Structures are given as C-alpha cells and as structure tokens.
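Dock chain B against the given chain A, drawing on the hints supplied.
Number of protein chains: 2
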Amino acid sequence: MGVNSNRVEHFDSHESTIKIQDETMQIHAVQLPPHRTTLHKLRQRVSEIFFPDDPLYRFKNQTCFKKFLLALQYLFPIFQWAPNYNLTLLRSDLISGLTISSLAIPQGISYAKLANLPPIIGLYSSFVPPLIYSLLGSSRHLGVGPVSIASLVMGSMLSEKISYTQEPILYLGLAFTATFFAGVFQASLGILRLGFVIDFLSKATLVGFTGGAAVIVSLQQLKGLLGIVHFTSKMQIIPVMISVFKQRHEWSWQTILLGFGFLVFLLTTRHISLRKPKLFWVSAAAPLTSVILSTILVFLLRNTTHQISVIGHLPKGVNPPSANMLYFNGPYLALAIKTGIITGILSLTEGIAVGRTFASLKNYQVDGNKEMMAIGLMNIAGSCSSCYVTTGSFSRSAVNYNAGAQTTVSNIIMAAAVLVTLLFLMPLFYYTPNVVLAAIIITAVIGLIDYQSAYKLWKVDKLDFLACLCSFFGVLFISVPLGLGIAVIISVFKILLHVTRPNTLVLGNIPGTQIFHNINQYIEALRVPSFLILAVESPIYFANSTYLQERILRWVREEEEHIKANNGAPLKCIILDMTAVTAIDTSGLDTLCELRKMLEKRSLELVLANPVGNVMEKLHKSNILDSFGLKGVYLTVGEAVADISSIWKAQP
Amino acid sequence: MGVNSNRVEHFDSHESTIKIQDETMQIHAVQLPPHRTTLHKLRQRVSEIFFPDDPLYRFKNQTCFKKFLLALQYLFPIFQWAPNYNLTLLRSDLISGLTISSLAIPQGISYAKLANLPPIIGLYSSFVPPLIYSLLGSSRHLGVGPVSIASLVMGSMLSEKISYTQEPILYLGLAFTATFFAGVFQASLGILRLGFVIDFLSKATLVGFTGGAAVIVSLQQLKGLLGIVHFTSKMQIIPVMISVFKQRHEWSWQTILLGFGFLVFLLTTRHISLRKPKLFWVSAAAPLTSVILSTILVFLLRNTTHQISVIGHLPKGVNPPSANMLYFNGPYLALAIKTGIITGILSLTEGIAVGRTFASLKNYQVDGNKEMMAIGLMNIAGSCSSCYVTTGSFSRSAVNYNAGAQTTVSNIIMAAAVLVTLLFLMPLFYYTPNVVLAAIIITAVIGLIDYQSAYKLWKVDKLDFLACLCSFFGVLFISVPLGLGIAVIISVFKILLHVTRPNTLVLGNIPGTQIFHNINQYIEALRVPSFLILAVESPIYFANSTYLQERILRWVREEEEHIKANNGAPLKCIILDMTAVTAIDTSGLDTLCELRKMLEKRSLELVLANPVGNVMEKLHKSNILDSFGLKGVYLTVGEAVADISSIWKAQP
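First to last, the sequence lines map onto chains A and B. Residue 406 in numbering that gives the first Met the number 0 sits at position 407 of the first sequence, with consecutive numbering throughout. Residue 299 in numbering that gives the first Met the number 0 sits at position 300 of the second sequence, with consecutive numbering throughout.
Hints in this document: simulated from the structure, not taken from any laboratory. Since we're looking at a predicted model, the values are computed, not measured. Treat the hints with caution; some may be incorrect.
Derived CB-CB ranges, DEER-like [what the hints assert, rightly or not]:
(1) E159(B) to K66(A): 52 to 62 Å
(2) E557(A) to Y450(B): 36 to 46 Å
(3) K277(A) to P569(B): 32 to 42 Å
(4) K600(B) to R57(A): 17 to 27 Å
When the alpha-carbon atoms are kept at most 25 Å apart in a straight line, the in silico SDA-like pairs for lysine to any residue are as follows [claimed, not checked]:
(5) K461(B) to P33(A)
(6) K245(B) to Q165(B)
(7) K59(B) to P33(A)
Below, a sample of chain B positions facing chain A; criterion: calculated Cβ distance under 10 Å [stated by the list, open to error]:
(8) F195
(9) K202
(10) K596
(11) K600
The beta carbon of each residue, even a glycine, is placed where N, CA and C say it ideally should be.
Extracted from the complex, chain A is given alone in its bound form (with noise of 0.2 Å):
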C-alpha cells in the first residue's frame, strides 16, 4: 500500500473510528478523503464551477513570448488560422460568402419587419456584426446575423409599451438600447465565465418555445400575406385570428395570389434541399431569386396594382453611428434593460448551439464562454452603429456550413457583399413587395416547428414533453417571455421534484457473485434473510430529508410485514447503500442519525455501505461515526453482509 506520510498521520488519529479488521475476512476500511483545508476545497470547488474547462492549460510550460501569442491567438482567434490562410480556402469562403449573402439580403430586410424595425436596419446588422464575429469567434461556421426569435421578441416585448408607428424614433432607440444591454449581459456572461445560466434552457423547453414562436411569427405574417392594412398589436393566437377574420374586407386578392405563389415556391425548394442536401444552394438562393422576381413583376405591373404594399424608399450608404441614440435614463429604461436580458440570453442559446453542432461535425471544440464575449462584443458594437441583436443563425449556419465555407472569412464576404448592396442597390428594393418577405419568413421559421423532437421526448420522458408543450402554449396564448419563464420553471421544478422525491431501491445479491442490484431490476437478485438492503438514489438534502426517513421507515414496516406472513427470518440489519448519495447536508447528517436512533429503538441495526468522499468527510466532521460505532460503515454492500453475518454467526 504507497501512503505518504501525511496521509498516514491523518488516517491514524482517526483509525479507531473507521478502520475495521476481521480475521475470517478481508473486509476494507472505509477511508476519508485526503485532508484539506478550507480555503483549497474552496479554491478547488470555484475553479470547477467557473473554469470546468481549465482554460489557462494551453499556457502551462511556455515562454513568455509564446504566452504572448497563445494570448492573443486566445482573443482574436483570427491569428490562429490565418498564418495558414490559402487560396483554396478562400475560394471555398468566397463561395459560401456569396451564397449565405443572397440569403442574409432578403432575410435582413424581412426580420428587421418582424422587430418592427426598418428594413434597412436588417441590413445594417448584417454588416457591421459578422465583421466583428470574424475577429473574435471560434465557430468557423457561424453565420452572422439577426435571427427570427429574437426579432420576434424584441418586437413584442417593446410593442406592448411603445407604438412603433406613433413614436418611431423612440422605438428604435429603445431597439439599439435593447440591443447594448444583451450585448453587455452576454459579455458578462462570458467574462464573468457564468455561462451554464443558458443550460438552464433545457432542450425540450426550447423545442416547445421555438415551436410555438414560429406558430407566432407565421400567424403575424398573415398581415402582409393577405394585404391587412390595419391588423392587431398585439402576439396572442387568439387575438391575432380575430382580427384576421374581422378584416375581411382588407383582404387584397392580388396580394394574395402573389403571395400564396411564392410561398408555395419557397416551401417547394426548401422541400427539395430537404430531400437532397446537395441541392442545399436551390432553397439558399430562393430567397433572393423570389425578392427579385417579385421586384420585377410588381415594377411591371406598378401602373395596375395598387393594392399591392411595397417596401419604399430605403437610404443609400452604410451604417450610420448610433451610440447617441442609446437610452441610459428615463421611464423605458427597465424595459430596454428586460429586452435586451431576454433576447440575448436566447439568441445566445441559439448561437452557442449552432456553434456546438457544426463544431461536432468537423471535430474542433467551440468554446462556450468565449463565444458569449464574442456575440455579446458584437452586439454591443452593433448597438453603436444602428444594428439590433444579431447572433450565429442557424439557416445562415447551414447553408455556410453546405457551401463549403472554411473559416470566418465567409462572414467577411459577405459583409462585403452587404456594403455593396447598401451602397449602390438600394433603390431596386423600392418595388419589392412586402408580401414576400412574409413569405421568406414563413418559410424560414416553418423548420423550426420540430415535431419530430416532440415526439421523441413524448417517447422517451414524459416529463420533458409536459415541460415542451407548456412552453408552446405559453408563448402561443399567453406571452413570449411568460411563456419562456413557465417553460424554465418546470424545468427547474423536475430537476427540484426529482431531489424532493428521490427513489430507494431495495437490493438483492446476483448468486455468486459480491454483486448487489436492485431486485426490481435484476429478476436474479435475491434477497439476502435479515438484511433489508436498500439504496439511496439521491443525495440526501433538506429537502428530501424528512421524505427519505419516512420513506425508509415505511420499507422496514412493509418487509416486516411480509416476512410476518411469509414466516422468514427476523429482520435484524438495514444496509443503506449510500453508492448514489453524492452529497449531505447538515438535514441530512440528524436525519441518519434520527433514523438510526428509531431503528434502534425497534433492534434494528443501521449500517452504511460504501459513502463517497464528500459525505465520509462530513459523516466524520459531524461526529456522526461515533455514535455508528466501530463497525456502522463498510466499503461495499458485499462485505457488510459477510462481516455482520459472521458476527451473528459467532454470538448466537
């Protein structure tokens, strides 16, 4: 056995209490962890909690110099790959630039309506932040730009105090407002290395409110699909149907007809990239190529469809600053400062994500805190140059990722591609009908209502899929973000009610074998006469410490009562397998020791098998050994069954 020395002093003080020998068998001590102190445990517990990754190791043994460079390669990704830059992977990037650019165009201007922005806004931020992302971001795949949720949150979220109509400007400076404070959240976020906040954003809970924001974001695009001019403010399915219906006499059939067209179109070709993901670049370039003829037809006919609403004047040149536009006081501020809390923690969600499953399929790890320094930095330079939050979208993403890009040049590309367009193609969108950008956006977001994950988690966790459908129909009829907060609840609540009620399983032995499994489980298991062996599938917490003792009295209540009617053996020893308990607290700590005094009381002993090293050291701190005795803890379920039945064996 190699000991040091200091481990040995420790052991020896305590010796008496834990060690355990028996000379029929070779039974093993229970042993305490190493002593810490407790600012090392502190130090060891921070540093799992904020730097889980360990993101100084890269840094371990180098020169200065080489720290130097390891540093700024750290924070400017760019210089790691761009010694390596080549021709062959530009023309890869110029590719996958140009292709995700004739989709960033028409999706820029559309999503920008959905926040109810301008549409040159859209295009603002899809310029000034994917040059930035480029500098900054790990993904070589993201796709920058805005994105349809948090558009469609920022929208209703300041809609609901603010008329975007009547005060436009105010509404926009709210927008960069907004967008300054999830940039600032993010970075935090990332900085502050709290980024497991959006793990708490569970799958299921994001599949049920993308679901139903997308129902949203469609039903919304009713107003531009039949040619509503006055249409309802407010997001509710409810409410929005009504004055559909109510509206009737709005309906424009000219606006219809075209609109209906292109969206069977768009649907069409996104049907066929769906089918063959080769043929990715027919639903990648749809987009522009509907904007376009869309443009053209209703430029031909301008003299005889009036009814049809176009886009209108939009402003030649590139970003116009906006830092002075920000709101840092007033009476809006909270609501800016919510927004901008909500939209960000979701368009981070989505970022990261995208980041994650593109990075898994080329293999390289995407760094999770410091993509939220990076889209966080991104936004709030866009909030300073007329851009509203942006992050890493998922359509853009895919087709980057299908067009071969490389690196984050692609995104440089297509900034490119969007100065020119601001510069010198401005006034060809004059004649681009509204009615199919609603038709982009339907088509967009109609992939996001993923049915087939719903089933899956219908399949596999009930629970999940409670916690899914909830979030669908909270954004669907009640609010985005109450929809989004009732969704994390029951999250939180199932991962709170799997604690409260923890399960305890009673073992048996697998014949010969040391092997204790759950009998319910293991039809081979069996029983072992006097023992009632039972596993605690839970650390033992405040609160599910008073369930527990309840729930293990009741266990040695009903085996009483079975071995009563089926005249057995007399139950003489209660084994807790304590394998799954991580972790104790003082509740739990007077619940053993409640429980172990009740047991008694009844001749009943209480012993504990196999205690993990966080719960030995506070079993020992709490002097709750002492009162176990010398043989009251044992290393695994197989040997305290061996030892006390020898002892039984010798006292008869």
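Coordinates of chain B only, in the frame set by chain A:
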C-alpha cells in the same frame, strides 16, 4: 434463474442488443426493468410524490365497520386514545395543563402586542385553537397558541401598509383575514398532500431566520423596556437603533429599572432550567410570577409612578365571533393573502418541527399532512372567533413535555384555565406594566438564537452556513419576508449548483478485488492501464449535460497528456460508471451519443457500466444502445474491464 414467462418474452425481443455472453468468464447481462405502461408509471410516480407514507395501508384487509372506525380515528385522533383514558393520565395532563397555562397567559398577551394587536386577542387565541387541536391533532405533546415568529411577521407585514393606531378596526380585520388565509393555505397543503413544500425551508435557513427574527423582536422590545412613547414603525435594525437613540429624552428611569430587574429575574430562571432540566417549572412559572409581582408593585406605587405604561382596561368574556370582520374584497385583500401565506408557512414549519421532535423522543410518529390539516382547520376556526395565527409553540410544548403531559387533554386544561381568566380575572391585568411583557418576550426569543447550530453548520457545510448568514442578515437589514425569500433561493440554488456542476471521479481497482473506487479517496486503488474509468455523480440533465461532456473530454485530455509524459500504455477505452446517474433526460441522452461519436473519432471506445433501471429504459427507448453496439453496456466496472481486456488479448 427464476423468471416469469412475461418477463422472458419481453427480454427475448431485445436480447440481441443487450445480452452479453462470453466464454472466458461469466459476464452478467444488464437488464431492462420489467415493462410498465405509461399509466402505470404515472400512477406509481404520483403515489410516490403525494402518498409516500401509503396512508391507506391500515385499511387493507379490514371489515367495513373496522374501516369506518379506522377512518374516524384517522380524522379525529382523539378516538384513538380516549377509550383508554384513565385517571392516572388525567392527573399528568392536569398538572401539565395548568403549568402551560401559567406560561400561556402572559405569552398570549405579549405576543399579541408583538403583532400590534390588542392584548386580549392573544388570550382569545389561547382558548379556541387548543380546543380544536385536541380534537384533530395527532401530536400528544404539542402546546398550542400564538408564537413569536409568526406574530412578528404578521405585525411587520401588516404595519408596513396600515397603521394599527390610526385604523385599528381595519388592522384587526386584516389580521383575522390573514389568519383565515393562513389556515386555508395550511389545510390545503395537507389535503393536497403538498406537505413537502415546507421541506424547502432548510434547517440552515431556519436557524438564520429565527435568529434574525429574535434579534428584531428583542430590539422592538426596547420601546417597552426604555419606556419610549414615539417609536419607529419600522422593523429593520438601523431605523430601530436610530429611533432608540433619537428619543433618548423619552427614556424613563422607573421603566428601565423595573424592566431590567424583571429581565434579569427571567433570564436567571431560564438559566437555572437550562442547567437542571428537572427544574423546568422555575422558568415555566417565572413569567406569571413576574406579571403578578410587577402588577402588585405598580398598583402599590400607582400614585407616584405615572411614567410606567400599563395594559389598562381589558374586556371580560369569551371570544366574540369575528367572521363578519373578514375581508374578501377591497384593496388590502392581496396583502392579507400574502401575509396569510407567509405566516402560515412559518407557523406550519414550527408546528410540524416541534411535533416531530417530541414524537421522536417518545417514539411515535406524527403524520405531517394530517398535522397540516389540523393546524389549518384550527386557524380557520380561530379566524372566525377573534383569534390570530396559532400553531404548536416550541416553548409551550417543551414545558408541556417536561411537566409530564400524556395526551392533548393538557391543551383542554389550558384552554379551561384561559377561559376562567377571560371570564373572571381580566380586571386584575389593569396595572400590569407593558415593560414586563417586553421582558417576557425577550426571554422567550433569546433562546431562538441558536449559535451552536450555526457553528455546527460552519464546521460541516460552508454553503449551508452561508444560507444561514444570508437569512440572518436579510431579516436584520432588509425585511422579514425578503430575508426568508433570499434564504430559500440560496438553498434551492445550492441544489441546482450541485446538479449543474456534479462531481466526476476517476476510479481505480482495489488490488485483489473486483471493487473499483475513487482514487482520491482510496490510495490503494490503482488505475487500470489503457482504461480511464470515470464515475458521474449526478443525474445527467439538460442543466449539466454540456458541462459533463466538456469535463469528460478534459479528463481524457489530461489522462492522455499524463500517459504521454510517463510513456504509459496508450489509452484505449473509457468506462463511465453510471451507478450514481439516477436519472437521465433527453439532453443527457444526446450528450452520451455525442460523446461516443467524438471519442470514436479519436479511436477511443466508450462503454457504460451499471446503468440503473430507468436510465437503462431510456437508453433503450431512445435507441442509443444500438449505437453503443453489442458490447457497450456492462453490469459492473469489473466485468467491463475483464471482458474488454480479454477481447484485446484475442485480437492483438
């Protein structure tokens, strides 16, 4: 192997994917738990959540008449012991009942003042509720009446919005309304079997909270103790101390002399009883003695000491009905409901905890959900008969227990004594000085400052101690309900933190055995070459799946670096010990899949050891086992190592 046919059928269909057979050694198959329908699983889950104590087990296999009797006994526990009641028991109950009434009368008057209610309400509250509890309650030692914490909270929450001096009728009505809602809340927790809600107030939280509340209560008594007339209506420590020193000109030396005299007397008696538990009656009788002595003193000196404020006139007679004073509408309804829920949950926590403490001392069990119904109904009835919130009081129950109470008849005796007081003795309290009530309150609450428990928390669990400190200072500096809220959030956060950042341990083999244990805890445990054996110590959830994936990859990276540095055998296989993974959700399943793919790309094998029943079920349902192939799941780590090693040997 004794198998039932149903089970065999079920397994046969999956045998190809799960069962593992090997010629060289006996490898046990991991089995799925027996198939259950969704409805069956749901029923079992619901019964674990709401009926963990199987409350109907007494009714099994009984005749109809017996069932009726048992139901009657269940609803009115008085029928359980009444048939066996005899004179010996009555003698004990008479003595203890009179003893607690001597405590209950001065306490009732004092606590009512703490809630800013007329003193007579405190006596009313010691009459009706004990009678109702003695019919419904299942604890034999609970002494029922108003308690300090709930009185303080009700007083502070109501006074924040309404002045009890300017609108005494409204204030009183709201206090009754709050009591009504407290009762409704408590009873519904019991009826809906949601008793576990109070488990979320952890012991750490309560130690801090009651300590903080005790300090607040004591500071409030400075008003009475110093004889200050114009006192702040705030509760926090800072405004109270400012008020005390600003009003120095109102300090009255006669009051101070009298107050501190009796305070020293009361504290001395308390000290004596603490030292010698047999002399419990010394501290039990001290409050009434102080009231009598001080009343006589003030009466004798009534012509010379006008500065000492006295209780004054108290109406004679039993509780007047107050159902007509309840508010069920109006602007203060929300306040009454909020106050009711918070005082309800606090008084419930105290009542249940006290009941459980004394029940465990006498080795009987208290049914939490039934107690909640009893306490709730008692408060509903109380609110209609001029009583405010009551529960099982710790001080009264302790005296009751020490004085030898055997059944709840002692509560009936106490109620009778209070009745006599109400009918005949009220004029005697005219000259009772308020300062003595202040001294009684301070003596009562000073015992609630449990610094020993706080020290134990510090020693055993630093995070529990932090929760304790936060609730203590939250109550002192912010407000009583907010302090409580902060503490609950910290406690829940602690659970979530444990789930979000679970431990992952490296396991090693204990030589000569098939046992694998944490190499940090067991120094003799040796790593197995070419294997990395990791134990995940938590369910795998959406909240930790990303973390676990990254952490496991980091373990692999570190292991590979370590092997490189030491020229060891190359890593070939990672075994995940799933014993402590007590649940998995869809995100967790995706993570396992992803992890397997990522490791495969690095030519590393991933196998699972000992997945528990429901995890195995989900692995199976989500078809992940297919991707793990025939040899991906083993019953124990030992078998996995043996089997995989033998395969490697076979194909060198």
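Each hint, compared with the structure:
1. Checked against the hint of 52 to 62 Å, the C-beta distance between E159(B) and K66(A) comes to roughly 57 Å, which is consistent with it.
2. Checked against the hint of 36 to 46 Å, the pair E557(A) and Y450(B) passes, with Cβ atoms roughly 42 Å apart.
3. The hint said 32 to 42 Å for the Cβ distance between K277(A) and P569(B), and at roughly 38 Å that hint holds.
4. Taking the beta carbon of each, K600(B) and R57(A) are about 21 Å apart, inside 17 to 27 Å as hinted.
5. At roughly 18 Å between alpha-carbon atoms, K461(B) and P33(A) fall within 25 Å of each other, so this suggested pair holds.
6. For the hint linking K245(B) to Q165(B), the alpha-carbon distance of about 23 Å falls within 25 Å, and the restraint holds.
7. Among the hinted pairs, K59(B) with P33(A) is inconsistent with the structure: their alpha-carbon atoms are about 52 Å apart, more than 25 Å.
8. For F195(B), the interface hint holds, the least distance from its beta-carbon to any beta-carbon of chain A being 5 Å, beneath 10 Å.
9. Taken as an interface hint, K202(B) checks out: its beta carbon lies about 5 Å from the nearest beta carbon of chain A, inside 10 Å.
10. With 10 Å as the threshold, the beta carbon of K596(B) comes within range of chain A, its nearest partner Cβ sitting at about 7 Å, so the hint holds.
11. The interface hint given for K600(B) is met, as the beta carbon of that residue sits about 5 Å from the closest beta carbon of chain A, less than 10 Å.
Hint 7 alone, counting from the list given before, is not met by this structure.
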